[in-house]
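Colleague: For reference, the chains in residue letters:
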Amino acid sequence: MTMSLEDELTTAAVNGNSAEVEDLLRRGAQVNGLNRFGRTALQVMMMGSTPVARLLLTHGANPNVADSSTGLTPLHDAARTGFLDTVRLLVEFNANPQAVDNANCRPVDLARKYGNEDVVNFLDSLENSQ
Amino acid sequence: MAHATSLQYEPVAEIGGGAYGTVYKARDIESGQFVALKSVRVQTDQNGLPLSTVREVALLRRLEQFDHPNVVRLMDVCATQRSDQETKVTLVFEHVDQDLKTYLERAPTAGLSPGHIKDLMRQLLCGLAFLHSNRVIHRDLKPENILVTSKGQVKLADFGLARIYSCHMALTPVVVTLWYRPPEVLLQSSYATPVDMWSTGCIFAEMFRRKPLFRGESEVDQLGKIFEVIGLAPEEEWPTDVTLSRKNFPPVLPQPITDFVPEINEQGAKLLQEMLTFDPFKRISALNALEHPYFKEEEKLTQTKS
Numbered sequence: 001m002t003m004s005l006e007d008e009l010t011t012a013a014v015n016g017n018s019a020e021v022e023d024l025l026r027r028g029a030q031v032n033g034l035n036r037f038g039r040t041a042l043q044v045m046m047m048g049s050t051p052v053a054r055l056l057l058t059h060g061a062n063p064n065v066a067d068s069s070t071g072l073t074p075l076h077d078a079a080r081t082g083f084l085d086t087v088r089l090l091v092e093f094n095a096n097p098q099a100v101d102n103a104n105c106r107p108v109d110l111a112r113k114y115g116n117e118d119v120v121n122f123l124d125s126l127e128n129s130q
Numbered sequence: 001m002a003h004a005t006s007l008q009y010e011p012v013a014e015i016g017g018g019a020y021g022t023v024y025k026a027r028d029i030e031s032g033q034f035v036a037l038k039s040v041r042v043q044t045d046q047n048g049l050p051l052s053t054v055r056e057v058a059l060l061r062r063l064e065q066f067d068h069p070n071v072v073r074l075m076d077v078c079a080t081q082r083s084d085q086e087t088k089v090t091l092v093f094e095h096v097d098q099d100l101k102t103y104l105e106r107a108p109t110a111g112l113s114p115g116h117i118k119d120l121m122r123q124l125l126c127g128l129a130f131l132h133s134n135r136v137i138h139r140d141l142k143p144e145n146i147l148v149t150s151k152g153q154v155k156l157a158d159f160g161l162a163r164i165y166s167c168h169m170a171l172t173p174v175v176v177t178l179w180y181r182p183p184e185v186l187l188q189s190s191y192a193t194p195v196d197m198w199s200t201g202c203i204f205a206e207m208f209r210r211k212p213l214f215r216g217e218s219e220v221d222q223l224g225k226i227f228e229v230i231g232l233a234p235e236e237e238w239p240t241d242v243t244l245s246r247k248n249f250p251p252v253l254p255q256p257i258t259d260f261v262p263e264i265n266e267q268g269a270k271l272l273q274e275m276l277t278f279d280p281f282k283r284i285s286a287l288n289a290l291e292h293p294y295f296k297e298e299e300k301l302t303q304t305k306s
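If you're matching them up, the sequences are chains A and B in order. Be aware that the first sequence starts at 1, since it is given in the UniProt record's numbering, and climbs by one per residue. Be aware that the second sequence starts at 1, since it is given in the UniProt record's numbering, and climbs by one per residue.
Hints were generated in silico from the structure; no laboratory data involved. A portion of the hints provided could be inaccurate.
Far from chain B, by Cβ distances over 10 angstroms, these chain A residues were calculated [said to hold, decoys possible]: (1) ASP23; (2) ASN32; (3) VAL65; (4) GLU92; (5) ASP124; (6) ASN128.
Pairs of lysine to any residue, SDA-like flavour, derived with a Cα cap of 25 angstroms [said to hold, decoys possible]: (7) B:LYS296 x B:PHE249; (8) A:LYS113 x B:LEU74; (9) B:LYS101 x A:SER125; (10) B:LYS88 x A:ARG36; (11) B:LYS101 x A:GLU8; (12) B:LYS101 x A:LEU89; (13) A:LYS113 x B:LYS211; (14) B:LYS101 x A:PRO97; (15) B:LYS211 x A:GLU20; (16) B:LYS225 x B:GLU266; (17) B:LYS101 x A:GLU22; (18) B:LYS151 x A:PRO97; (19) A:LYS113 x B:MET75; (20) B:LYS225 x B:THR277; (21) B:LYS151 x A:GLU6; (22) A:LYS113 x B:GLY152; (23) B:LYS101 x B:ARG215; (24) B:LYS270 x B:LYS151; (25) B:LYS151 x A:SER125; (26) A:LYS113 x B:LYS88.
Quick reminder that beta carbons are idealized off the backbone N, C-alpha and C, glycines included.
I would like the entire structure built from these sequences, with the hints used as guidance.
Modeller: Rendered as structure tokens:
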């Protein structure tokens, strides 16, 4: 099966390969393009790879795209897996901390459920500062 | 074995073609968590799956019952019959959203602290000692399949798959990295659990250096780079059952390991040398490595998260 540039981009992102992500974007891969599973690179990236997240976001990746089956956004996934740097970055690029998934959970709810206290504190501090 | 992967686990991206067949990142629709789907097609006859596959899967499931903190969870195994002759076996593993490669890249410019490296190494060796005590050889240990959770927990992935996939590997000409391969594998001699300890040594050095220790471009080049550090192995240690002769390599002498890993302390350097030992029978085991004086000296463990 031949892979589209967007398939290649999501594969580079899922592996946390920032050099490859950068190269594919330069070669014209659409940052918000869908792979053959209907997902964008930001949705599937290795959540712990802040360099990949930064590259995608600075190239205009939409941080508020929700998973078609569960309603989860990248911020939900970063909060659940506990990667604070990625959470901060997504918020900096206007990811919505109040987004709810199909089970009506916000990112902070998942961070709390999975015991990621630093993420809980950060997301709580956003609410308090509003 | 369950028969409904496609419903509960929805693929979201291809992770890689891999030597072992395709690997996908997928979402468990019920829990919302990511999982890794590793599939292999196996030939079947009137008796169903080959006994070797059934045995390997049974071994992986048995390991699972120990719930070891330093290996990824095997969450599910599914078999889907494709035709009379072919069945797709899918292993569903826990997915951790960070590997050691990314982790090292993200480390501050000053590098990881000595205490932090010790903590990662202890966890890595615990996982390995567990696998080895269950007679599982990883065979392909590298930073990409050593996973690190946001809470700093190390989990080994991709173990025990080599034998399940072995019959398919010859058919898939993919580039696999040579950098973590021990001499006995590069020389195509017989090998066992010590192969993983060589790879662990390479990774130990890389935690300090934040770049690979031996970056060979071919089997022979890789061996040459190894000898430039550990010295050419003596004639009596050279395996007898191999085609590549010792005479192909210049008679280089061992260099101090601290020339290549300057930040390592004295006990760390001793342990590293015991891992990077040419003769697999003289190489330190995972259990003995955990008892090494390197792990007895306490260092301030500055717990860095995520």
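Colleague: It remains to establish, for every hint, whether it holds in the given structure.
Modeller: Going down the list of hints, with the structure as the test:
no. : hint                : result
1   : ASP23               : 16 angstroms, holds
2   : ASN32               : 15 angstroms, holds
3   : VAL65               : 12 angstroms, holds
4   : GLU92               : 16 angstroms, holds
5   : ASP124              : 17 angstroms, holds
6   : ASN128              : 22 angstroms, holds
7   : B:LYS296 x B:PHE249 : 38 angstroms, violated
8   : A:LYS113 x B:LEU74  : 22 angstroms, holds
9   : B:LYS101 x A:SER125 : 31 angstroms, violated
10  : B:LYS88 x A:ARG36   : 21 angstroms, holds
11  : B:LYS101 x A:GLU8   : 20 angstroms, holds
12  : B:LYS101 x A:LEU89  : 20 angstroms, holds
13  : A:LYS113 x B:LYS211 : 36 angstroms, violated
14  : B:LYS101 x A:PRO97  : 29 angstroms, violated
15  : B:LYS211 x A:GLU20  : 18 angstroms, holds
16  : B:LYS225 x B:GLU266 : 23 angstroms, holds
17  : B:LYS101 x A:GLU22  : 17 angstroms, holds
18  : B:LYS151 x A:PRO97  : 22 angstroms, holds
19  : A:LYS113 x B:MET75  : 20 angstroms, holds
20  : B:LYS225 x B:THR277 : 14 angstroms, holds
21  : B:LYS151 x A:GLU6   : 31 angstroms, violated
22  : A:LYS113 x B:GLY152 : 18 angstroms, holds
23  : B:LYS101 x B:ARG215 : 15 angstroms, holds
24  : B:LYS270 x B:LYS151 : 29 angstroms, violated
25  : B:LYS151 x A:SER125 : 21 angstroms, holds
26  : A:LYS113 x B:LYS88  : 35 angstroms, violated
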